[in-house]
Amino acid sequence: MKKTILILIDGMRPDAVLQTGHKVVDELKAHSVYALGAQTVMPSVTLPCHMSLFHSVTPQRHGILSNTYVPQVRPVRGLCEVLSAADKKCVFFYSWEELRDLTRPGSLAYSELVSGGQYGYERANETLTDDAISYVNAEKPDFAFLYLGFPDEAGHGHGWMGEKYMYSVKESLDCIERVMNSIPEDYMIIITADHGGNDRSHGSDMPEDMTIPLFVYDRAREGREIAKANIMDIAPTITALAGVSPDRDWEGHDLLA
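Throughout the sequence shown, residue numbering follows my numbering, covering 57 to 313 in sequence.
No lab work stands behind these hints, which were simulated from the structure alone.
There's no promise every hint is true.
[Unchecked claim] Derived CB-CB ranges, DEER-like:
(1) 154 / 71: 24 to 34 Å
(2) 219 / 186: 19 to 29 Å
(3) 214 / 301: 41 to 51 Å
All C-beta atoms, glycine included, are put in the ideal place defined by N, C-alpha and C.
Work the whole structure out from these sequences, hints included.
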């Protein structure tokens, strides 16, 4: 059984990851099962994509089609509900308040919000990364979620693949590298995005919006690129690593099976 840290970089396109030339990308490719052509769900909007990640069903099933949360008509248990029911300790570090609805009351042992809207998303990235590293080393949770929102802000404000956006992706990769170098070796690290973007927006079925990077990193693993992966595969992969059965309603598959 393995503990997991899930790091999601909002709006990070896989071609941007490669174009930064960041040295951590070579390390990830060398020791991950990964897909640079993984797919998100439609609509490729932040909250629907996160709901599909944590609940392993399409937006049409969980019912969240915009960044406004509405209660599920036919509830599907999310990742943290499944893990906490198996006595696994789950924690959240995030900078966008709407993500509070990804989990149900009682499923998190700890959560920390550093508002990107109030403090700026670059500063929030740095603070949350430091706090997540400290917490993981001290408390050893079974699952930790770290959300980094700077690239989405830069994309909307200055355009995807522009200078400010590329800087934000590099800064986020710096945060990822710090996590990789600072946490216990018995943790797996999953790195992904919720969606991509084009011009100053996202939400369409264009490849630029729908294609995301996905790395399942393990220092002891030999790197292997896979042809197909979906954001809905992440929750079943994490439960499999934890030795916990996925929810019967989930549609994704364990990427390491």
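Hints, one by one, checked against the model:
1. The supplied range of 24 to 34 Å is met by residue 154 and residue 71, whose beta-carbon atoms lie about 27 Å from each other.
2. Separation of residue 219 from residue 186 is about 26 Å and conforms to the stated range, judged on CB atoms against 19 to 29 Å.
3. Under the hint 41 to 51 Å, the C-beta atoms of residue 214 and residue 301, about 44 Å apart, fit the expected range.
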